[in-house]
Amino acid sequence: MLSIWKKIPEQIKRLSFLVILIVAGYLLISPLFIPPDFGKYGHFRASAVEEIASQQMNYVGHEICANCHEDVSVIKSKGYHKNVACEVCHGPAFLHAEDPGSATLEAPRGRSYCTLCHEYLPSRPTGFPQIVAISHNPMKPCITCHDPHKPEPPVTPKECSACHATIARTLSISYHIYLPCTRCHETPEKHKINPREFTPSKPSTREFCGGCHSIDAKSDKGIPRIDLATHGHRYVCWQCHYPHLPEAK
Amino acid sequence: MEELIYHLTNILKEVSGYIYPNEIELHWGLLIVIYPYLTGLVAGAFILASLVKVFNVKELQQTYRLSLLTALSFLIIAPLPLLVHLGHPEKSFEIFLTPNKSSAMAMFGFVYAWYLMAVLLLEIWLDYRKDIIIWASSEKGIKKWIHKLVSLFSSDISERAIKFDKKAIKAITIIGIPSAFLLHGYVGFIFGSIKANPWWSSVLMPIAFLFSAMVSGIALVLLIYMVIYSWRPKGINMQCLDKMASYLFYVMIVDFSLETLDFIHRTYEAEESIKILAELVGGKLFVSLVVIQVLLGMIIPLGSIATAKLFKMPEELRKLIYFVSSILILIGIFSTRWNIVIGGQLFSKSFRGLTEYKMTIFGLEGLLVSIGIMLSPILILYVLTKILPPWEEVRNP
Amino acid sequence: MRNNESSEKQNRRKFIQHFLFACASFIIPGIIGAQELVRKVGTWVLKNGYVPSEHHWGMGIDISKCIGCGRCVDACKKENNVPKEPFFFRTWVEQYRFLENDGVVVDSPNGGINSFKAETSEKNIIRSFFVPKLCNQCDNPPCVQVCPVGATFKTADGVILVDKEYCLGCRYCIQACPYGARFLHPETRIAEKCTFCYHRIIEGLDPACVEVCPTQARIFGDLTHKASPLVRFKRMNNLSVLKPSLNTEPKVYYANLDGEVR
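Protein chains in written order, with our numbering: chain E, 1 to 249; chain Y, 1 to 397; chain L, 1 to 262.
The shape of chain E in the complex, shown without the other chains (with noise of 0.2 Å):
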């Protein structure tokens, strides 16, 4: 052992002594700086988590609402509304929660809040409830007619077009703009009511279609007509022309 210690140059000997010194005071102070929950749970400061878990929350959930507001919540959970919860409109309501004297909530009353929803884009589901909001009772407040906790058409809508908006803008540039809605869809009344239990129907089959554009149908001469029993026999028409824009190519 002593042999080896003395082989070994004096200079290394001065240098591992710093370089031990180095490492070795890496060693011994860095776990003094560690915070002492590190990695109880994984490569983490444990107590972190406790830090974002005790966030201030805003927004309070619809379920305490109800507590206080007994009658806005019957009504509410009957309307088409009954799934919006009260802070879409009202805003964050923790603190009216906790202290409903002080802190006071707001409800919006211009037209600009509802149309956020409400307003006519091509983007939006078809079926939902859509307004041209410059055409529709222009510079009148939704609520004037419209109950926010159960909202309904205070008529209920004559023209399709009112929720399927959309269709009816493709269909506006079309041959078929002149067909009613329901010449193609049996429509049954309590759709305009309850639109997602009673649906409208399709044509489903090609005699259908054939009523008017088969080579021997009765109808205007215009119409571009097409044999049957030859052309596309395996199909529904609909199935390869969309008939809300026929001619699109």
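Just so you know, these hints were derived from the structure itself, not from any lab.
Here the structure is a predicted model, which is why all the values come from computation and not from measurement.
Backbone N, C-alpha and C define an ideal beta-carbon position, used for all residues, glycine too.
Relax, there's no trap hidden among the hints.
Only some residues are given here: those of chain Y computed to face chain E with a beta carbon under 8 Å: (1) F96; (2) L97; (3) T98; (4) N100; (5) R129; (6) S154; (7) D156; (8) R160; (9) A161; (10) F164.
Dock chains Y and L against chain E, hints included.
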């Protein structure tokens, strides 16, 4: 905060196509361009020094100590841009306390410490040890004490000790080459391992980083050598210069091939991201990538060095070509880093749009701080040459 | 001749010795770090009695139900005090419009917080929809992988969180996130992202965005509880996740997602 919002609002106007809203702010700016640039210079300069020891390239003997000191002065500054760009530099020590083993960045501390302590400092120390002791014995005042401290107050210059030093240097150089590869290859890995970013994510990244590092490091030492030795009494040794230029040329060929391979591979595979990357290269990166990086930084220097060698041009002309070429190469490699770091953040990860990088002049991440960081290694090198003169004539036989 | 050979052999042996020594010294930092693994993970109970390991949170998003009203974006900003400026979002809504000439137009003005405006060129749109985006709470999170210090991590319930006190602000996680879900808070200079409203879910509440979604396009729940709306959502829909090829294994599942969405 207002300043940042104003800055981002201006950038918003330049956004084309669709980009995720959080991506409008470009997070790794000029400082992170400088960081791989500096480490690249370190690795390159060290590898040049290693050529002398490992492959016994006699012509380059003059540049051995100079390259080592250059590598050291740039290595000291290399972590600075990283530190300055942090949101909380005061917490940076955490990287040594609780390094996340799966994080390439966490390992930086260790790779850096290894390279600085175990390789570069050790090699310089061993190489200079005998000289330092001899200098210290004949000096006075503060310089004597600096040299004494550096030699760890040892005065052993017996033949046995010196013989050991020489052996150890060789061993360290042998460890040093893979270490230099590791240092810079690892910097490439920081980018190359980000699978979310198709501009970065590539196995070639560490290798391409490495060779471009060698190119820039050799060019830097060549430049420093030319500048310093044209003032020194001995003057520029043309053999040494030619040799460096040859090595520069060979390494550039490899680097250029790797970059071309990367380009061909990407365009041939034409993955999902190819459209946006093509838009990027043809548009916002055209000047910095096609013109500066490839044309000015690669093709022109390659062509002129080749011509200088092929037609055996006169000395003065060769010197001029080497000088201009190495400046072009240094700019070109800086541009390479820019194109990787900034370019990789200019396109959206939705592959549908591009954002803009607007450099600021003032502030920590601004141009002035960056210029300061880039120039400080030169200052350190100046100080180092005073303490540890790398000149052949002061070397003790 | 023989002498030469043996010295060469010796040299080679030396080289190998040095090399092995070098390799060993690379591994040492790893050994030091590995000590943590030895510490066993016990049962972890938060102050309010919540046990992270008993849950595994996920979210379902039904594209065909989203109306792009932006209430989720608004609620998220209000609940979590996210800066109002249009560069910082924990969640946002994108609008996709497919044009007749095969082009796709995507936008998200101010993250969709004020809903969207109809464009005049809409005649050319053949199909269109909204996509709410947020942190995907990946089971294989690239952000956690790259964080140098362990400031972002996955808890036992699968949620990815950021430790405000520990984050350096190096922004490597922002680079590593394929979904653009992270940003640097302009004031605190630390990385931020969606926490699934961790402070709410541990109290049994829904995240704010789910709470306010007027059409139930967002469904939140526990993937381990068989009788949860989320598990039903997973059973009844054709699901996809964003950028599945990156193998991040998101826990935000999309129903009726178009392949163009990324």
